[in-house]
Amino acid sequence: MLIDYRLIYSSLPVFFNAFLETMKIALVSGILGLMIGTVVATLCTFNSKVLNAFVGFYTGVIRSTPLLIQLYFVHFGLPVLGIMFTSFQSATIAFSLNSGAYISEIVRGGLASIDNGQHEAAKALGLSWYQRMSCIILPQVFSRVLPPLIGQFSYLIKDTSLAAVLVIPELTYASRRIASTTYRPIESFGIPMLMYFALYFALSILSNSIAGRVKRRERVAAN
Amino acid sequence: MQQISIWNQITRLGGAFLQNLAFLPFVLFFGLILGILIALLRFHKVPLLSQLLAGVTEVVRGAPFLILVYAVYFALPSIGIELEAFETGIVVLTITATAYLSEVFRSGLLAIDKGQFEAAQALGLNYWQSLFSIVLPQVLKICLPSMVGQIVLTIKDTSIVSLVGMVEIVRTSRQIMQITLDPLVAFSIVGGYFALVCYPLIVFSKRLEKRAIR
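Taken in sequence, the protein lines are chains A and B. Using the working numbering, the letters of the first sequence map in sequence onto residues 140 to 362. Using the working numbering, the letters of the second sequence map in sequence onto residues 990 to 1203.
Note that these hints are calculated values from the structure, not bench results. All C-beta atoms, glycine included, are put in the ideal place defined by N, C-alpha and C. Wrong hints could be hidden among the right ones.
For lysine to any residue, the following SDA-like pairs were computed, each having C-alpha atoms within a straight-line distance of at most 25 angstroms [to be verified]: (1) A:LYS188 to A:LEU285; (2) B:LYS1130 to B:PHE1032; (3) B:LYS1199 to B:TRP1117; (4) B:LYS1195 to A:PHE340; (5) B:LYS1195 to A:SER252; (6) B:LYS1195 to A:PHE336; (7) B:LYS1199 to A:TYR197; (8) B:LYS1195 to A:SER187; (9) B:LYS1199 to A:SER252; (10) A:LYS188 to B:LYS1195; (11) B:LYS1199 to A:LEU285; (12) A:LYS163 to A:PHE340; (13) B:LYS1195 to B:TRP1117; (14) A:LYS188 to B:LYS1103; (15) B:LYS1195 to A:LYS163; (16) A:LYS354 to B:VAL1093; (17) B:LYS1195 to A:GLY195; (18) B:LYS1195 to B:GLY1138; (19) B:LYS1199 to A:PHE281; (20) B:LYS1130 to A:VAL178; (21) B:LYS1103 to B:TRP1117; (22) A:LYS354 to B:SER1135; (23) B:LYS1034 to A:PHE336; (24) B:LYS1103 to B:GLU1092.
Going by beta-carbon spacing under 8 angstroms, a handful of chain A positions derived as facing chain B [claimed, not checked]: (25) SER300; (26) ALA318; (27) PHE340.
Take the sequences, apply the hints, and build the full model.
Written out as structure tokens, the structure reads:
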């Protein structure tokens, strides 16, 4: 028989723990990335040359270099300067800086799509800059950019597979280890791929249904 | 601990970077042809085949690149297919690029008015003539920004093939690190090489996108 079901059954607990580890890395980096992305996108609204240059440099560097070298840079490069991280810390730092750059582009697009009248109306009501941003502008931005943000999160889940390089026991690392101890690579790589696919599929359904709702709501609002 | 001069590192890493770029012609060639083919099969809703291809495309898009590399490199030998690291890279990069490009081309085909096919056929062109001289040029023009974006993704993903033993720029930088114990310089040079190629492409793709909107 090509597929060994007993092996699948006995390795499921390991894969399940690895799955939780993958989710942990993805959630921590996703939340940090969202914060970084929001702050960076907000910096662009000041129209300051220095800030824009900084943002351009940050997003440019992150987007035009591979994640693997960013991960190496944080984990093996920074210790030369005396900054040490554990594997988990390095992975989450690299992943959140990486996804932060992409999220900032998404949020920036969302900020640009908000009508200027919203800013002016909020200002006329006497709200401070912080109140305007946190209560009026950003909630509208997030409800509009939620679908691409979910898409970005599903990329992030896939990117966490690189944490295997730093010997973090997440899905890809577990699959590699089980493949080399059992000599059954088909099952060992098949199970995690199904798990990744389930996540990807669930997120893409979620993103589509939210996108549909956003579109409907805006159509209603336009009428 | 030994010193390697910065100039020496730059030339060594530059030579290794050519290995990364060597993937591109293969991946672009096969990715383009297979991507268009799959997009057409799915666009015309060829029974069975289009559902199958839709499923495979989704599975590929849902899987991390690294696990695909591992699966091809470590699992295929058990069914008698042994590939070297470079061949593994070509196969996996082509598969992922095809999956993305086929989606891009399919949405391009959907964006083009069906009337274009009908008008071309009304003029007496057969299917292939109307496809190659009327429809595909328009599709490719719409899809150009996404195609450039895919090239950037492919270039960046070549770094991951180093993890199954391919000697390219990232692996070379780690070898340098083991000699000098100072990876900051080597990693920065690696990032510089990637940025040198990818950043202009990203800017170019954005400019194309803006022009398409206007």
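Hints, one by one, checked against the model:
{"no.": "1", "hint": "A:LYS188 to A:LEU285", "in the structure": "29 angstroms, violated"}
{"no.": "2", "hint": "B:LYS1130 to B:PHE1032", "in the structure": "18 angstroms, holds"}
{"no.": "3", "hint": "B:LYS1199 to B:TRP1117", "in the structure": "31 angstroms, violated"}
{"no.": "4", "hint": "B:LYS1195 to A:PHE340", "in the structure": "28 angstroms, violated"}
{"no.": "5", "hint": "B:LYS1195 to A:SER252", "in the structure": "18 angstroms, holds"}
{"no.": "6", "hint": "B:LYS1195 to A:PHE336", "in the structure": "30 angstroms, violated"}
{"no.": "7", "hint": "B:LYS1199 to A:TYR197", "in the structure": "22 angstroms, holds"}
{"no.": "8", "hint": "B:LYS1195 to A:SER187", "in the structure": "22 angstroms, holds"}
{"no.": "9", "hint": "B:LYS1199 to A:SER252", "in the structure": "16 angstroms, holds"}
{"no.": "10", "hint": "A:LYS188 to B:LYS1195", "in the structure": "21 angstroms, holds"}
{"no.": "11", "hint": "B:LYS1199 to A:LEU285", "in the structure": "23 angstroms, holds"}
{"no.": "12", "hint": "A:LYS163 to A:PHE340", "in the structure": "19 angstroms, holds"}
{"no.": "13", "hint": "B:LYS1195 to B:TRP1117", "in the structure": "32 angstroms, violated"}
{"no.": "14", "hint": "A:LYS188 to B:LYS1103", "in the structure": "47 angstroms, violated"}
{"no.": "15", "hint": "B:LYS1195 to A:LYS163", "in the structure": "34 angstroms, violated"}
{"no.": "16", "hint": "A:LYS354 to B:VAL1093", "in the structure": "22 angstroms, holds"}
{"no.": "17", "hint": "B:LYS1195 to A:GLY195", "in the structure": "14 angstroms, holds"}
{"no.": "18", "hint": "B:LYS1195 to B:GLY1138", "in the structure": "9 angstroms, holds"}
{"no.": "19", "hint": "B:LYS1199 to A:PHE281", "in the structure": "24 angstroms, holds"}
{"no.": "20", "hint": "B:LYS1130 to A:VAL178", "in the structure": "35 angstroms, violated"}
{"no.": "21", "hint": "B:LYS1103 to B:TRP1117", "in the structure": "15 angstroms, holds"}
{"no.": "22", "hint": "A:LYS354 to B:SER1135", "in the structure": "23 angstroms, holds"}
{"no.": "23", "hint": "B:LYS1034 to A:PHE336", "in the structure": "24 angstroms, holds"}
{"no.": "24", "hint": "B:LYS1103 to B:GLU1092", "in the structure": "18 angstroms, holds"}
{"no.": "25", "hint": "SER300", "in the structure": "4 angstroms, holds"}
{"no.": "26", "hint": "ALA318", "in the structure": "6 angstroms, holds"}
{"no.": "27", "hint": "PHE340", "in the structure": "6 angstroms, holds"}
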